[in-house]
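Below are the chains, spelled out letter by letter.
There are 4 protein chains.
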Amino acid sequence: MSLAHGRPYLAIPGPSVMPDAVLQAMHQPAPNIYEGDIVTLVEGIVRDVKRVARTEGHVAIYIANGHGAWEAALSNLYKPGDRVLVPATGRFAHGWAEMAEGLGLVPQIVEFGTQSPIDAARIEEILTADTAHEIKGVLFSHVDTATSIRNDPRPLRAALDAAGHPALLMADCIASMACDEFHMDDWGVDVALTGSQKGLMVPPGLSFVFFNDRAKAVRAQMPRVSRYWDWVPRSEPEFVYQYFGGTSPTHHLFGLRAALDMLHDEGMEHVWARHATLARVVWAACERWSEGGALKLNLADRSLRSHAVTALGVGIGNGQKMRAWTAENAGLTLGLGLGMATEEDPHGTGFFRIGHMGHLNAHMVLGAVGVIEAGLQALQIPHGKGALEKAAEVVAQPEAVAF
Amino acid sequence: MSLAHGRPYLAIPGPSVMPDAVLQAMHQPAPNIYEGDIVTLVEGIVRDVKRVARTEGHVAIYIANGHGAWEAALSNLYKPGDRVLVPATGRFAHGWAEMAEGLGLVPQIVEFGTQSPIDAARIEEILTADTAHEIKGVLFSHVDTATSIRNDPRPLRAALDAAGHPALLMADCIASMACDEFHMDDWGVDVALTGSQKGLMVPPGLSFVFFNDRAKAVRAQMPRVSRYWDWVPRSEPEFVYQYFGGTSPTHHLFGLRAALDMLHDEGMEHVWARHATLARVVWAACERWSEGGALKLNLADRSLRSHAVTALGVGIGNGQKMRAWTAENAGLTLGLGLGMATEEDPHGTGFFRIGHMGHLNAHMVLGAVGVIEAGLQALQIPHGKGALEKAAEVVAQPEAVAF
Amino acid sequence: MSLAHGRPYLAIPGPSVMPDAVLQAMHQPAPNIYEGDIVTLVEGIVRDVKRVARTEGHVAIYIANGHGAWEAALSNLYKPGDRVLVPATGRFAHGWAEMAEGLGLVPQIVEFGTQSPIDAARIEEILTADTAHEIKGVLFSHVDTATSIRNDPRPLRAALDAAGHPALLMADCIASMACDEFHMDDWGVDVALTGSQKGLMVPPGLSFVFFNDRAKAVRAQMPRVSRYWDWVPRSEPEFVYQYFGGTSPTHHLFGLRAALDMLHDEGMEHVWARHATLARVVWAACERWSEGGALKLNLADRSLRSHAVTALGVGIGNGQKMRAWTAENAGLTLGLGLGMATEEDPHGTGFFRIGHMGHLNAHMVLGAVGVIEAGLQALQIPHGKGALEKAAEVVAQPEAVAF
Amino acid sequence: MSLAHGRPYLAIPGPSVMPDAVLQAMHQPAPNIYEGDIVTLVEGIVRDVKRVARTEGHVAIYIANGHGAWEAALSNLYKPGDRVLVPATGRFAHGWAEMAEGLGLVPQIVEFGTQSPIDAARIEEILTADTAHEIKGVLFSHVDTATSIRNDPRPLRAALDAAGHPALLMADCIASMACDEFHMDDWGVDVALTGSQKGLMVPPGLSFVFFNDRAKAVRAQMPRVSRYWDWVPRSEPEFVYQYFGGTSPTHHLFGLRAALDMLHDEGMEHVWARHATLARVVWAACERWSEGGALKLNLADRSLRSHAVTALGVGIGNGQKMRAWTAENAGLTLGLGLGMATEEDPHGTGFFRIGHMGHLNAHMVLGAVGVIEAGLQALQIPHGKGALEKAAEVVAQPEAVAF
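Residue numbers (the working numbering), protein chains in the order written: chain F, 1073 to 1475; chain W, 1073 to 1475; chain X, 1073 to 1475; chain S, 1073 to 1475.
Hints are not guaranteed to be accurate.
Given that identical chains are not distinguished, each listed pair holds provided it fits within a single copy or across any two copies.
Derived lysine-lysine pairs resembling DSSO-like cross-links, with alpha carbons at most 27 Å apart [stated by the list, open to error]: (1) Lys1462 with Lys1393; (2) Lys1122 with Lys1393; (3) Lys1393 with Lys1368; (4) Lys1368 with Lys1457; (5) Lys1462 with Lys1151; (6) Lys1122 with Lys1208; (7) Lys1151 with Lys1208; (8) Lys1462 with Lys1368; (9) Lys1151 with Lys1368; (10) Lys1393 with Lys1457; (11) Lys1288 with Lys1122; (12) Lys1288 with Lys1393; (13) Lys1122 with Lys1462; (14) Lys1208 with Lys1368.
Calculated directly from the structure, the hints in this document are not laboratory data.
Quantities reported herein were computed from a predicted structural model and do not represent experimental measurements.
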């Protein structure tokens, strides 16, 4: 007998749970891709996805995953030999830096470990020292999916400004967009990018590069940009097929339309507040568990934590055991620890992650922490008591969250 | 901001949560209804739905809800003026009795209230007294969806046998089939009926009347049976359209095929054990809550409780408030109290029900009790502490359940 | 190699082709059935399905197929021993008469064969002779799905009026509703019934009984009506569950809502005109084929033909061969001949039917006649030439059809 | 009144009609992307998509459209400054050459117009003259979607061999794969590429680059390849996420699995034969129409025509009118003329294309030619008679097609 039979719940940090309305919208015949409804469909999506990023700038949409967006953004702005600065707070910053290397760029990684956010003062120092302005871009993760650290873009903007440095500020918002508060224009981010499968609640396969006029001007100076990644025809198309450099991703567009309607019907401020509150539900449980034992939140300081994903340590081997137990016994799939290897735990078996992004309500989250409590009991992992009541308390009396 | 945005969870006692495989299977073009695949489809369903009821007898499948099955079963066996005995442990027994009256039968209700099971001794007494064998059938709810009382069919069989009474034993298994253990043949039930939308996990719209050779013989003596309800062509069809007395319910059949595959792949014993355990999860929480306050399980004795639905009292007005709160704030829809009106609470506002039937796992149930805990806190309904940990404990260390 | 691989096309006279929007709408979780959106959903459906029947009267919706609607309508109006008159123009009139017999009524069949419509003069004669008004109802098929004869309700109304006879005029519109023009109120029909799976474009499983105040008054005089069929609570419910005498057919309601939106967005007059024109497309081909050979339309007179289905003879054995050929070689499923048995052809193998009802456009119909042409050629069935160009001509230059 | 209401039929040359099984398979929750079923899912897809291309070589699958596959293939094999030869028989060869330019390569276009295939002798001449082997690749369209010309890869292979030239032979099979016969290994093609949305019957969003060991060896010599396009980790992954250089396109994989099952269940030889025969159905009609008037097939020689798409001229303005007429009046969407502009007709309004690829049967194709016939009549475009009967004749008596 297994208690896993039932509607499975996927709590990994992406893909997130797809709303029924999204999957429904994708279940229809292919449309004409040259004329007719497709034109207004794409135009509306361009308009409304920019409202999610809070930008009046531009967007290029790619049939690609987030790694594609990384490459696309870099391809439009930098040529082989160009230097980029990459403050790192987890595995994904390193991934972006590798992507830059693959294009012949010269990334300079500034390492902040897996438990501290970017120190903007350190970045300002480096930028100030770069009087020749050889650094062309600053690439950072708004939220690093591996460590769940959330980096505030504002101090980075201030650092660039204080240093009087013209490098572009580029934010990887793959894990955070439509979960954690983000205002591209107001916060001075020049380029932001994201994927479809997390806060946007659409199956993986689309990614988005938002850019402002400063970035556009840099692109205009590029001697050559690969046709597939070139954002010019994608953001200023004469014909509809240029939005996607060829055939449109018709069914993803149907799904995305439904998802954008849901987000804007709820209101972005409400979406962010919901994520903030549900993250607190998870934290309330985790903090209580950690009082009594082995479990440890990756980040002690709440203000550094993403509202979309939580990384946890539970002792060598226990992360892996926990994930197996919840999947086999309770219908809950947790995320594995990524980039958390240590000398004692070279495969990161002591970690797991809870994804709490996208189409998410109190029932789903309270169910997840309930199952983890059961797992801690079953696997006899020492843990503090009263975690679930604390979690329920946050649902019962959510703090006001203002944006 | 509402924490209800996300995948809604419906925890009413039917319709239950439909598996994705069922909805997927229903999303296809209509088939030919006169020949081809439909023939083997229906034959396989007939075979496999009888395995759910644990009978080698017969089944007639109706395009109808459970109320239709009530009428169908009675229409095949009784003529105006016939007497039937109806031991009642909740609203649904009364509903069936009304259906009998609508057909001109004479139901004799034996009332056991809303908190006690049927007393088989009392039934035996009545049957023994009926030396003329005027009572033609004994109609009872295996589980009454309103009170969540589970009545054991075996003592009733024994009562009939002890009284040497030929009346047919008829079980309403609408709320219990494929949730609570049931062996039609072994337990001596002559007629059993159910609907598609609970343990069978298919949208409402199909119902099933299972009958054995004794019931078949009674039907054979009937002077006239309405063509639509007549189970003879439906259970012994010459042509495929006779299974449904006309056009087949094609899409429901597609869904039912998927659901039966899921049930038999899991194994009926495992399905029952899962329901038994998940019911204990709900009870563990409820019993703890009830220690400290207003909340009260309808049935104190665990052995009388259904594994599919739990009825609770929380104080006048509070049932209604709780249901509104969980739907608006947490994405959880609870069932309303049915047939629980009292003089002080004429609209039954003090009750609610938790459905825990069908496509159900530990995550779903722990989420439901987590939300109810939040509701008790938010609405300041006095309740005992530690309920959620107790619930998680059942998931962590399920008792062995044998059938 | 088979040319049947591809999107199959079902051209049987029901179920018809389900629109994607309908199947999409049905692919969603079950809703609460006691409160919330379900209430407005059902109310809207009641309102809009009456607009399809063109009645300001009442409707009871049943979870049942068309045979259920037959029984439901009779159950509300007649008691055992009551006489009903059944003018017959095909198998389905006989089916309804059998249903009446099953309820203990005394149907009097007036046979008009399979190639002539009802002769209203003959009906008037019978009614005039029934001075005691023993005949309580006149039951006829607006369109008989087997013969494809369309009977005009107006002369029947006139016959009743001329005879001064109070019997109710009851129309079986299962095959015709939302295909062939129909105005229940204006044409003086007292009771009309239909199913979900033809012109209404929803999977089989729902049926509808429309009735006017005259019929309602007759119902009010009935000593007893079966609870499941009783249309009183279904048409004047106090609580939402009464619409369906128990659990609502939730997913069919979702689908029906989508279908009604499609019908009323197009406009009923346009829907009827489309069916009228597409029927002419089929006829143009069939008439040309019949010039040169074996193929014969069941009805020579266009004004007698349904716009929803066409019955054809092609010579003993050839109907069956044709159906097998088109399914195996071209992806087209044709309807079998029903109720067309003769002494020489006891299994009706010489007939087939083309369903052209519901979600239907010129491409679908021209494809169907194209495949039949190929079948005539492949099976070497003698046939006239130029049929397909004639069919295309109707699409190229449709006659104006006014309602 | 419009005869377009009904199931729309999209006969453009991609996206093709998606099978219900594919859309159904895509309608499910997201899976875990790091472990579990995803691993065997991708492995099976890799195996089975190679069987479609008839190669025992390698494949890299990209989240991208066909244009992405163009760039991916070039990115793995050539560096800025490398020369590639591009024999052109339509717009898409030019598109690929532009993609090469965008990467800094130097494409040499050899123009064969829009009505002639590649002349292999001319290619051999050029290759023979390139004694320094500066030409690194020969890029051609197996089928050019714009002109519907089908180029046989075998003479090109022979030309390379005769010239003793080491350039890689690269085939764009986007429009032809799983429609027109193709044997990558046997025919000596080094690199082949395709997309998901045509013969593979899956929504746009995936593309495929197949390559043999020769191409792999060339890749191994590349100094640097962009990380996203690099086919090494995609074809020799250590971890499942490397197949897609990041997040997997989960829902496309579900759909592709269903589509590959359909193709291999039918058998590739049968799939090709079906396309060959259905193309002949289209041609039979078009050739007859062209006898009497304005309509003209782009290619007079049947052996040069693709089995997946047919390009037609109908006189200036008429192509555009025809497409509008069939969409508005009959539910048929035809493809527009691409790359067919002439001096007199600078917008190519005189052309249209019929897509006949993928999930396709005789009913669909006969419906399409039936609607075009109606359009020719309605728009009074002169045309030969008897076209539809000729088309039906091909279905009735298909020639044997052997591969």
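Comparing the hints with the structure gives:
1. Lys1462 with Lys1393: Answer is both: 25 Å inside a copy and 22 Å across each meet the 27 Å cutoff.
2. Lys1122 with Lys1393: For Lys1122 and Lys1393, the Cα distance exceeds 27 Å both inside one copy (41 Å) and across copies (37 Å).
3. Lys1393 with Lys1368: Cα proximity of Lys1393 and Lys1368: one copy only (16 Å, versus 37 Å across).
4. Lys1368 with Lys1457: both (14 Å within a copy, 25 Å between copies)
5. Lys1462 with Lys1151: Neither way: Lys1462 and Lys1151 sit 52 Å apart in one copy and 59 Å across, limit 27 Å.
6. Lys1122 with Lys1208: within (25 Å within a copy, 42 Å between copies)
7. Lys1151 with Lys1208: both (10 Å within a copy, 24 Å between copies)
8. Lys1462 with Lys1368: both (17 Å within a copy, 23 Å between copies)
9. Lys1151 with Lys1368: neither (43 Å within a copy, 49 Å between copies)
10. Lys1393 with Lys1457: within (21 Å within a copy, 29 Å between copies)
11. Lys1288 with Lys1122: within (16 Å within a copy, 41 Å between copies)
12. Lys1288 with Lys1393: neither (48 Å within a copy, 40 Å between copies)
13. Lys1122 with Lys1462: neither (37 Å within a copy, 47 Å between copies)
14. Lys1208 with Lys1368: Intra 38 Å, inter 56 Å, cutoff 27 Å: neither.
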